Amino acid sequence: MNARSAAATHSNTPVVSMRHVGKVFPGVIANDDITLDIRPGRVHCLLGENGAGKSTLISILAGMQQPDTGWIEIDGQKVNISSPRSAMDYGIGVVYQHSTLISTMTVLENLMLGVTGGAFLNRESARSRLTEISAMLGVEIDPDAEAADLALGQQQQVEIAKAMWKGSRVLILDEPTSMLAPQAIADLDASVERLTKDGIAVIFITHKLREAYSMGDEVSVLRRGRLIASIDAETLEGLSEEKFTNAVLAAMFGDDISAIGDRNDVELLSGAKVATKVRTKSSRSDEKLVLHLADVTTPSTPTEFGVSNVSLKLRAGEVIGVAGIDGHGQSALAEVVAGQVRATSGSVFLDGDDVTKLGVRARQELGLRYVTDDRLHEGIVTDLSVALNLLLKQIGKLPYWKRGQISKPDVDAEATRLVEAFEIRTPSIHARAGALSGGNIQKLLLARELSHQPTVVVFNKPTYGLDLKTVNRVRKIVKDFAEQGGAVLLISTDLDELVELSDRVAIISRGRLVGEVENNSPDTARQVGEFMVGSAHSEGNHV
Amino acid sequence: MIDIFTTTFIATFIAGVIASAIPLVLGSLGETLGEQSGVLNLGIEGMMLFGAYFGFVTTLETNSYFLGLLAGIAAGFVMSILMVMLNIWLGLNQIVIGLALTMIGGGITSVLYFSTYGQTTPRLGQPDVFPIPVLSDLPVVGSSIFQQPLAFWIALVLAFVVSVVLRNTNFGLRVRAAGQNPNSLDAAGGNVVRTRTFVALLGGAFAGFGGAYLALMSAGTFTPFMTSGIGYIAIVVTMLSRGRILWVIASSFVYGISVSVGTVLQLTSFDLPTDVIKMLPFVAVMITLIVFARSSYVPPALGVPYTRGAR
Amino acid sequence: MSNPISDATGMIPLPSDGQSKLSKVMETLVRTILPVVLALLTSVVVLIVIGKDPWFFYSEVFRYGVMGNGWQQTIRLMAPLLLYSAGLIVVFRGKLWNLGYDAQYLLGSVVVAGFSPMLIEVMPLWAAFTVSLIMGTAAGAAWTLLPAALKARYGTNEIITTLMMSFIGIGISNMLVRGPFQNPDIHVPQTRVLPVADMFPQIPGTRIHIGIIISVVVVLIIHLLLTRTSFGLRLDVFGSSPKTALHVGINSPQMILILFILSGALIGLAASVDMLGYQGNLRANINPGYGAAVLPFVFLGRLNILTTIPFVAFYCILDTGGRLASLDSGLDTHFLMIVIALILVFMSVIEYFGVKKDLGQSYLPPGLRRAVTGLFDRGARA
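From first to last, the protein sequence lines are chains A, L and V. Per my numbering, the first sequence runs over residues 16 to 558. Per my numbering, the second sequence runs over residues 2 to 312. Per my numbering, the third sequence runs over residues 272 to 653.
Fair warning: there could be bad hints in the mix.
[Stated by the list, open to error] Facing chain L, a subset of chain A residues (Cβ under 10 angstroms, in silico):
id	residue
1	79
2	98
3	100
4	101
5	104
6	109
7	115
8	116
9	117
10	124
11	126
12	132
13	136
[Said to hold, decoys possible] Under the rule of at most 25 angstroms between Cα atoms (straight-line distance), these lysine to aspartate or glutamate pairs were calculated in the DMTMM-like manner:
id	chain 1	residue 1	chain 2	residue 2
14	V	514	A	389
15	V	323	L	62
16	V	627	A	398
17	V	295	A	398
18	A	423	V	507
19	V	514	A	380
20	V	628	A	398
21	V	514	A	319
22	V	292	A	398
23	V	628	A	83
24	A	181	A	90
25	A	412	V	507
26	V	366	A	389
27	A	408	V	507
28	V	514	A	341
29	A	417	V	507
[To be verified] Computed spacing ranges between beta-carbons, pair by pair:
id	chain 1	residue 1	chain 2	residue 2	range
30	V	292	A	368	51 to 59 angstroms
31	L	168	A	288	48 to 56 angstroms
32	L	169	A	319	28 to 36 angstroms
33	V	472	A	425	46 to 54 angstroms
In short, the hints are calculated from the structure, not lab data. All values reported here derive from a predicted model rather than from experimental measurement. No residue lacks a Cβ here, since even glycine has one placed at the ideal position from N, Cα and C.
Just chain A, same shape as in the assembly (with noise of 0.2 angstroms):
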């Protein structure tokens, strides 16, 4: 279970006090009077969606940023946290949910860069200090691999490692789930206990509301900036999950929780269920076969996998999940299905024709299209207007171009068309497409990816850091098109999104595709997690 028979052992006064602060940003109030105690040898969860100010919280711990209002105490005094260095001063060390790895060097090397005594690098004592933390921890790290080379959950412990460099007794963990193979949760919590034993204080960020209930000793709600709600260890110890379930979901959500979905679909999205299939049709195995990749390879890059001899079969009104460790491959898999990266060998066929030698264009006329991840970089341009953005891909094609000239007309009745089918809000057709909410962004690439007659679609990490209502929808969508017959190439990073929409999860890993999960029993996610942790680059490493 967790530390909660710990905690008492501890004494109950707070390490850090957060009071009143508050921190505004152009447009956005991130945190309003926010005021929470940390106590030493517990698990304090803060819950809340996307965008409800946690992260802001967390950077203003760790000193990357100023609070506007308000301040933070110490053991009982105030302090001024003015930089990261001085976080890791009054001993709060920090695991970002992104990892601050470079990828390039080796764990030593990474973990060395918080020294500051000495001019010359000191490996020798850097390696002890390794094996002291990695006792702690009741883990194993191999020093000198490269950052690259190792699993997720190898690099989240290197990460801890390096949090804890310092011998910090407060430690923040930001997401640290999010894309965790069932088994290195279980040795992450493992660890986090290891930690409250020794009087560790451990703020753990989640938004899933099954993992606050089981590895949290106290647990907070932030909804749009504000604390809405506190649960103290006592309490949570005589809560049941249904009730700890209804209380937080009705402070998270408050009244808009009827908007966002039924009550099922609440309950998925927020975690507190564990996922399982959702899609009721499926694709028999007698269907059209749409794409093939046939043993395909694509060039590496200093900071990310290619694919190498990648085979995949893709039936009409089929969805095969991708999962798969971040930078592994899966930004390659969507872009040479694409057409925007060239296969070095191998083959990719549509519908039974070669397209191996098609550019992106072409793919698009023959109906395949890519809703990628890089939203705001690759996705749109942010300086046009959202109806050009929205015909971004047809650009000189009729009839929303005629000899070279836009046609305004037809290039505004067809944006206005797709803003309404897909509700994006935004002021007008023609304002600045970078100035829409994330969501909004997502909103406008599905309407422009899924108009214009598409067969096959690949969606690269469809809901990553959307709010749950748009979630919500953007899984209903990539279900609608499979029903009606599309095929869907999902690449997610979370885990209960493929479990809930795909037909077969196979699992990517270092750019290979390492297995294959038939989605057809409750016991996927684990199985899922088998074949990430088995494919860590070597054995003896446990993640």
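Guided by the hints, dock chains L and V onto chain A, whose structure is given.
What follows is chains L and V alone, placed relative to chain A:
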């Protein structure tokens, strides 16, 4: 026709290679430091010209080569302060500012030279050599390699020091981190701006040293725009060497050879026009770039100003 | 390989919403004219420091650049420089850096200077003009091919390759002047001089040759191409993000080639027009350096050809007047280079503060802010 295989001739050739290579080594060392930390110094040409001019003036007025080199280093350093403020602190476009600094360096030095020495075009004498005992008595290499001015040996020692700093010190690790992933460095408690500021200032000092070496040791005088592209070649050398100092030295000497070969060919029966000789190093660089087109690699954060929280 | 350098170009559009029209116009004026004013003021300080009379210098600039027949000289110079600016704008809009302009210009010049005297002997004048213009344009375009191909195929940094090609091209042009195109009648290395009768006719009543008409027509066509066509939109998408361009299905390698060739061609054309209309011959080791000179002005004109025109006019006054004023003041003509560089610096700084203001952020840059708070921080802990 001259017999190119006499010992004197070979010795002169080697000395010529060294004279052209060392300014490039120094410039590239500075550029490497900056580039490893994510700062592109496109203004290096201007900094070298600054170093060359102020080094020249100081030596001319004081008769001291030591003071001349110091003045050159200081001039490059001063110019890099401007670069640090504009590029690193304000985060302005590093290409635009680089071009501006090149023009400022070239413009100011040629205006000053024109108004002060334009009529007299003075030259400097020979710098004192620092003979290495025993070795300097060897045939051929003795007179060419082991009877160089002290500045030559200082340049080589500096190359070694830069290599050690980048590989084996905490500071060097932070420099590389700033170029690879400044967010990581920031999160680890390092100061990206301070790290980059420091190396950019060092880079300016190196460029100034390189320019002063060119004027004082290699050319023995200053002429406007005398660097004629060495700064840009330093950027290429840096790009291809990717932080490996041995490669910096090796490719600088290849450049030195391509300069000297032209001179040699001119002295032999091949009557090459000066225009061709001047072009040779650039042709060599272009060929190198074509051959290594696929493997030129720059740090991911190069040229991107750092703002905390911006992704 | 992606090119982190060209991604970082700071070409940011002006603020568009939440402001009254008047204050927007005012702000645009401040942002575009203030850099020039500050640069000129700083150059006054520089002149005083090196012991020259700034009043004398700038009144001479005005006298030679505007008064008397100065304005005609100025307009004459605008013919090549408008084309030159268009050539830079085309690539810069695609966020590609063509810094090989000097060689492209000189090769255009040398080809026209070398061949047109021969062409005039074998064909009617109008045909000789046409062929010369085509040859000069082609020479400029050809010199961009290698950097463009390397960029398109391998993503090789075009800043470096165009600079290297520039040094090589300058060498070749000098070689041609000293070699095959050398005027056999004299010992100074220069090409044969075109007789005035065999050059562009002048607009009646002026000393301005018809090159300015060619220039304005071509530049307007390019402007329409960039702003009114699907090609222009594709170019904007490509310029805003090569990643988006790839995603949308714009053929990036082709786009890179087109932009470089167009840029080189316009610069080559600029050289040809000046050669046929004004210069008439080329001497060795001459590099007018127009590329670096118009650089800040195309940025101040926000990469829009029409708004760049007044800036080009301003520079032409500075150039025509400045070269003669330098002689009178006993200054090196490279003094103008300092003024240009100062405009670049002030332009970037003012742009920075403008963007900060639009975003409602602190005027104090993060680096400086941290340095300042860092000081207090240490003080408090000590």
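Hint check results:
Interface hint at residue 79 (chain A): satisfied, since its Cβ lies 6 angstroms from the closest Cβ of chain L, which is below the 10 angstroms cut-off. With a cut of 10 angstroms, the hint placing residue 98 (chain A) at the interface with chain L holds, because the nearest CB-to-CB distance is about 7 angstroms. Interface hint at residue 100 (chain A): satisfied, since its Cβ lies 4 angstroms from the closest Cβ of chain L, which is below the 10 angstroms cut-off. Against a cut-off of 10 angstroms between C-beta atoms, the interface hint on residue 101 (chain A) holds, since the closest Cβ of chain L lies about 8 angstroms away.
For residue 104 (chain A), the suggested interface contact is upheld, since its CB lies about 8 angstroms from the closest CB of chain L, less than 10 angstroms. Restraint check, residue 109 (chain A) versus chain L: the minimum CB separation of about 7 angstroms is within 10 angstroms; hint holds. Of the supplied interface hints, the one on residue 115 (chain A) holds, with its beta-carbon coming within about 4 angstroms of a beta-carbon of chain L, less than 10 angstroms. Given hint, residue 116 (chain A) at the interface with chain L, holds; its Cβ is 7 angstroms from that chain's nearest Cβ, closer than 10 angstroms.
Hint status for residue 117 (chain A) relative to chain L: holds, with the closest Cβ pair at about 5 angstroms, below 10 angstroms. Among the interface hints, the one on residue 124 (chain A) holds; its C-beta lies about 6 angstroms from the nearest C-beta in chain L, closer than the 10 angstroms criterion. Proximity of residue 126 (chain A) to chain L holds as hinted, the smallest CB-CB distance being about 9 angstroms (cut-off 10 angstroms). With 10 angstroms as the threshold, the beta carbon of residue 132 (chain A) comes within range of chain L, its nearest partner Cβ sitting at about 8 angstroms, so the hint holds.
The closest approach between the C-beta of residue 136 (chain A) and any C-beta of chain L is roughly 6 angstroms, which is under the 10 angstroms cut-off, so the hint is satisfied. Of the supplied pair hints, the one linking residue 514 (chain V) and residue 389 (chain A) holds, its CA atoms being roughly 9 angstroms apart against a limit of 25 angstroms. For the hint linking residue 323 (chain V) to residue 62 (chain L), the alpha-carbon distance of about 23 angstroms falls within 25 angstroms, and the restraint holds. Among the hinted pairs, residue 627 (chain V) with residue 398 (chain A) is consistent with the structure: their alpha-carbon atoms are about 18 angstroms apart, no more than 25 angstroms.
For the proposed pair residue 295 (chain V) and residue 398 (chain A), the alpha carbon gap of about 18 angstroms is at most 25 angstroms, so the pair holds. For the hint pairing residue 423 (chain A) with residue 507 (chain V), the CA-to-CA distance comes to about 18 angstroms; that is within 25 angstroms, so the pair holds. For a cut-off of 25 angstroms, the pair hint linking residue 514 (chain V) to residue 380 (chain A) stands: about 20 angstroms separates their Cα positions. Between residue 628 (chain V) and residue 398 (chain A) the alpha-carbon distance is near 18 angstroms, which keeps this suggested pair within the 25 angstroms criterion.
For the proposed pair residue 514 (chain V) and residue 319 (chain A), the alpha carbon gap of about 15 angstroms is at most 25 angstroms, so the pair holds. Proximity of residue 292 (chain V) to residue 398 (chain A) is assessed by CA-CA distance (about 20 angstroms); at most 25 angstroms being required, the pair is judged to hold. Our distance criterion of 25 angstroms between C-alpha atoms is met by residue 628 (chain V) and residue 83 (chain A), whose separation comes to about 19 angstroms. Between residue 181 (chain A) and residue 90 (chain A) the alpha-carbon distance is near 18 angstroms, which keeps this suggested pair within the 25 angstroms criterion.
Of the pairs offered as hints, the one joining residue 412 (chain A) and residue 507 (chain V) holds, with about 17 angstroms between alpha carbons and a cut-off of 25 angstroms not exceeded. Between residue 366 (chain V) and residue 389 (chain A) the alpha-carbon distance is near 20 angstroms, which keeps this suggested pair within the 25 angstroms criterion. Between residue 408 (chain A) and residue 507 (chain V), the direct Cα distance comes to roughly 14 angstroms. Compliance with the 25 angstroms bound is thereby established for this hinted pair. For the given pair, residue 514 (chain V) sits about 19 angstroms from residue 341 (chain A) by alpha-carbon distance, which is consistent with the 25 angstroms threshold.
Using a Cα cut-off of 25 angstroms, the hinted pair residue 417 (chain A) and residue 507 (chain V) holds, with the two alpha carbons roughly 19 angstroms apart. Between residue 292 (chain V) and residue 368 (chain A) the C-beta distance comes to about 55 angstroms, which sits within the given range of 51 to 59 angstroms. For the pair residue 168 (chain L) and residue 288 (chain A), the beta carbons lie near 52 angstroms from each other, so the given range of 48 to 56 angstroms is met. Between residue 169 (chain L) and residue 319 (chain A) the beta carbon distance is about 29 angstroms. The supplied range of 28 to 36 angstroms therefore holds.
A beta carbon spacing of about 47 angstroms between residue 472 (chain V) and residue 425 (chain A) agrees with the range 46 to 54 angstroms that was offered as a hint.
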